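Given the structure of chain A, go ahead and fit chain B onto it with the hints provided.
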Amino acid sequence: MSASLAPECNEVKERYDTCFLKWYSEKYLRSNGKTDDNECANLFKDYQKCLKVVLKEKGIDKLIDEAREDTKENDALYIKRK
Amino acid sequence: MVLTHTTNHSYSHPFPTVTLAFFLRYYSPQLNPFSAHVLSTDTIASHVDPDTGRLHTTRLHLKRSRMPAAVVKLLPTSITGGGGDKSSFVLEESVVDINEGWMTTQSRNLNFTGVLSVTEQQHYSVTPPAQPGVEVSPLSPSLPRSMPTNTYVTTTFSYRSSLGSRKEKVAAESEDAPPRRFGSWVTGWGAKRIQGSIESIASNKTEDQLSKSRDGMRLVLERLRTNGVVATLRELRRREGKAMFDA
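Protein sequences appear in the order of chains A and B. Take 1 as the starting number for the first sequence in this note's numbering and just add one per residue. Take 1 as the starting number for the second sequence in this note's numbering and just add one per residue.
Where hints are given, some of them may not hold.
[As the list claims (entries may be wrong)] Derived DSBU-like pairs (lysine-lysine); straight-line CA-CA distance at most 35 Å:
#, chain 1, residue 1, chain 2, residue 2
1, A, K62, B, K73
2, B, K212, B, K73
3, A, K58, A, K45
4, A, K22, A, K62
5, B, K205, A, K52
6, B, K63, A, K56
7, B, K86, A, K22
[As the list claims (entries may be wrong)] Covered by chain A, per the in silico footprint, the following chain B stretches (three or more residues, Cβ under 8 Å):
#, region
8, 46-58
9, 198-210
10, 228-234
Honestly, the hints are just simulated from the structure, not real lab data. From a predicted model like this one, the values you see are computed outputs, not experimental measurements. Quick reminder that beta carbons are idealized off the backbone N, C-alpha and C, glycines included.
With the rest of the complex left out, here is chain A:
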């Protein structure tokens, strides 16, 4: 099982990953996208609460925000081209 960047988040991350993969393979792929992932939402919230602390401590949250801003601009172009 892949580890979390924050060892203290490993357990909740595993629970979320398992939930996500099950949802993805059994629901999302079979419903042609006509499903939401609410069933993993609570686990995701707990996982993020744990992870955000560490991302902030290490200053990675800022790097991520900058990078995602960039992508949004590129995506807009890419999706228009499609």
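Just chain B now, kept in the frame of chain A:
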């Protein structure tokens, strides 16, 4: 300057399985021995767009020595921090459209960007990439129930070194970072030459990296074909001596 490198590849597995393998490829070195360099993987965003049904996912990976050793050798220890092993954060963003049968992914490094920015873009599709000069009929809006058995992927790597460039210097001066940041030790033509070397060394490593990542994907795909995802996860957890969570 930016060096790019584009290749096409196909997997003899249906599209939904390939997307699943994409999400699982760093799950465990037991599943994919080529993922041993991945130290951690975290999902930081995931949602289904209610209008399009597309799944948007953002993950953060920590990978060991993303920077080729030859690049590290070109740089003074004040930049690399000395020592052998480097690890870098890679941000991976993906969009899956299961209705139209495509997935796009983009991964790039978050640190060491002052030395080298590597971006990997992939486009997975149920239809082969368009060949120049060959007419391709547009994808029908709704796919037939039976998914094609092959999945095509186009991968583009872009390498850009901004070492010592003006932009980097301005950025360095405007931040509260220590005055001698990446790049301040090299400027002008020298910088251009070193940038070029860094880009080409990194680019030359691409074939090797790509073939390893394909081998990894193939192993995950084979496992999924034989066992399916739930059995695969259960088996991995059993080997790690843990109970399966009820999802």
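For each hint, the structure was consulted:
no.: 1; hint: A/K62 <-> B/K73; verdict: holds (29 Å)
no.: 2; hint: B/K212 <-> B/K73; verdict: holds (24 Å)
no.: 3; hint: A/K58 <-> A/K45; verdict: holds (20 Å)
no.: 4; hint: A/K22 <-> A/K62; verdict: holds (31 Å)
no.: 5; hint: B/K205 <-> A/K52; verdict: holds (34 Å)
no.: 6; hint: B/K63 <-> A/K56; verdict: holds (19 Å)
no.: 7; hint: B/K86 <-> A/K22; verdict: holds (34 Å)
no.: 8; hint: 46-58; verdict: holds (count 9)
no.: 9; hint: 198-210; verdict: violated (count 0)
no.: 10; hint: 228-234; verdict: holds (count 4)
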